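**Student:** The chain contents come next:
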Amino acid sequence: MIGRDEVLHVARLARLALAEEEIEPMARELSAVLEHVERIGELDLDGVQPTSHVVASSSKVDVTRALRPDEPRPCLPREVALAQAPAVSDGGFLVPSPQA
Amino acid sequence: MSAEVLALSAAQASAAIGAGELDAGELFSFYRERAEADREAGQEGLNCFTWVAREAPGKAGTRVRETVPHWPDTVRMHESAGSSLAGVPLAVKDLFCTEDAPSQSGSRMLEGYTPPYTASAVARLREAGAPLLAKTNQDEFAMGSSTENSAFGPTLNPWDRTRVPGGSSGGSAAAVAAGLAPWALGTDTGGSIRQPASLCGVVGLKPTYGSVSRYGMIAFASSLDQAGPLTRDVTDAALMLAHMIGRDACDATSLAHPQQIALPSAERLDGVRIGVPAELEPEGSSIEDGVRRCFHRALALAEELGAQVNTDISLPHAPYGLSAYYILAPAEASSNLARFDGVRYGLRAASSSKVEGATDLLDMYTRTRHDGFGREVKRRIMLGTYALSSGYYEAYYGRAQKVRTKIAEDFATAFASVDLIATPTSPGVAFALGEKTADPWSMYLSDYFTVPMSLAGIPAISIPCGLSDEHARAGANGAEANGSGLPVGLQLAGPAFSENKLLDAAHALERAIAFDSTAAHV
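For the protein sequence lines, the chains are A and B, in the order given. Quick note: the first sequence uses the numbering used here, first residue 1, plus one each step. Quick note: the second sequence uses the numbering used here, first residue 1001, plus one each step.
Quick caveat, the hints were computed from the structure, so don't treat them as lab data. It should be emphasised that the depicted structure is a prediction, and the values quoted were computed from it without experimental measurement. Note that the Cβ used here is the ideal one computed from N, Cα and C, for glycine as well. A couple of the hints might just be wrong.
To be verified - Which residues of chain B face chain A? A few of them, derived with a C-beta cut under 8 Å, are: (1) 1293; (2) 1309; (3) 1334; (4) 1345; (5) 1367; (6) 1370; (7) 1381; (8) 1382; (9) 1392; (10) 1393; (11) 1401; (12) 1405; (13) 1440.
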């Protein structure tokens, strides 16, 4: 079961503000889902390798050479990259001061 | 004229255009007007679309401005993909980035966002000749099984407007079922193509993980997300898939598919071994009787066509699939959705939009994310953050990745004795709006049969296999329904890269089932 303090701790990690009235339902709903997912605790998984690329680990297709050469290439023009930003200043993204 | 155009499948329309019997511009205008009428009707219509193109492209398949210089092979379609798509317009799920058209992933967080580049899958289809018709409604960030989690209102099921179309690609499925688009692109993370295809009576295919580039798809769970077609029939699904697959330098997890996708031609299933897993009963609920009847009828038809149906196979870890999925997918989502912070694009909370003032950076982040995300998305971010937090990682994420390995091994063992595996696509037919929103796990259970294939990365297709007569159908505006019964989907799954075998078997069964895919046209 997840309690109020744990919900607030996780919300802080997730950078998510919760209104007072959202906290209790969140605790209840997370607890209910966790009760279901914790069923995987029943399984004996000693020595089982975790999956990374699901197809690569189960077929003969080669995914080991997926990296491209580390060479410079063109990227988004600055004005295009900034065009959708909520606030810009001097050719950069504008954000509130971390310690206002 | 218009009834004749509407009756054409995408492949038929493409052939008619190629033969000079149909004009691509007229076809585009025909569907554009149908889609626009639904969009203008808002919640009075089906609410399939979040955006509809204003005009036909000057020339079908014309390349639009590319702001981002791609790697050379990014937009190059598969070399030998066969015939061109000849101007058959395409509806695209909202979460695909499309230059010059809003791409909002069903979220307030991205309301009005217009990306500076186009997703590789959409670009390849456009290069092959399929112009962008519309963007389709979806559950927010693809999290949901009913399209009720969209910030732009729910999409309704064209078979019965009091019911959901499934999700998360509900707008795409409903648009194809209603004849508002010839075909549509969706994405599937745990069933988001197959389940809405099932609930709307259309075909939906989730390809082998990695065979279609994820570049430009607004990410949900990157180790599971995969793009695929929603179409009226199996041939259309093959035609679209043929033009989507291939390695893309912009997606390092994409793979070169070892086969070209061929248009299916099989009419028989002689020698095809179809396995039905023993683990068919979901925990805490069961398959509806009407679904079970349609499923067994489809298996009987498969046997008549020459298939050997083997009910002796087992996927012992499949019943744990949903549990593993609801650790893995939220964990990956919590990481992917960290990018929505009010800095580079999308929403910034109004209360902190002024830089000068009492608010600081952390406050801006947390308020923006509070205001921008809907309830289900917040729940999954919290769940994923919890599962990844210090002290819990091994018990949740680490174990879930091992369960995933066991599920993939179960499939490998099963495929040693059968060619394909059959299940119902979803335990039930389309459910009523609001029926499952209060209890998240009851909603999650509608993906019980689709999640294991996603975890194993293998291809799976849903085709309509009949109507369940268990539920009465409500007609439009409370009128008497025209006919009765709701669509049921049959899921067929095969080993990685077995798309051709899957499409052939689905094609033969589709002919035998003879489902009327135009019955819900509006």
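**Student:** A separate judgement is required for each hint: does it hold in the structure or not?
**Tutor:** Each hint, compared with the structure:
At a threshold of 8 Å, the smallest CB-CB gap from residue 1293 (chain B) to chain A is about 29 Å, leaving the interface hint violated. Below 8 Å, beta-carbon pairs count as interface contacts, and residue 1309 (chain B) has none with chain A, the closest being about 25 Å; its hint is therefore violated. With 8 Å as the threshold, the beta carbon of residue 1334 (chain B) comes within range of chain A, its nearest partner Cβ sitting at about 6 Å, so the hint holds. Residue-level restraint check for residue 1345 (chain B) holds (minimum Cβ-Cβ distance to chain A is 4 Å; threshold 8 Å).
For residue 1367 (chain B), the shortest C-beta to C-beta distance to chain A is roughly 5 Å, which falls under 8 Å, so the interface hint holds. About 4 Å separates the beta-carbon of residue 1370 (chain B) from the nearest beta-carbon of chain A, less than 8 Å, and the hint is met. For residue 1381 (chain B), the interface hint holds, since its Cβ comes within 8 Å of a Cβ in chain A; the closest pair sits about 5 Å apart. Among the interface hints, the one on residue 1382 (chain B) holds; its C-beta lies about 5 Å from the nearest C-beta in chain A, closer than the 8 Å criterion.
At a threshold of 8 Å, the smallest CB-CB gap from residue 1392 (chain B) to chain A is about 10 Å, leaving the interface hint violated. A least Cβ separation of about 11 Å between residue 1393 (chain B) and chain A goes past the 8 Å threshold, and the interface hint is therefore violated. Among the interface hints, the one on residue 1401 (chain B) holds; its C-beta lies about 3 Å from the nearest C-beta in chain A, closer than the 8 Å criterion. The closest approach between the C-beta of residue 1405 (chain B) and any C-beta of chain A is roughly 5 Å, which is under the 8 Å cut-off, so the hint is satisfied.
Checking residue 1440 (chain B) against chain A: minimum C-beta separation of about 6 Å stays under 8 Å; hint holds.
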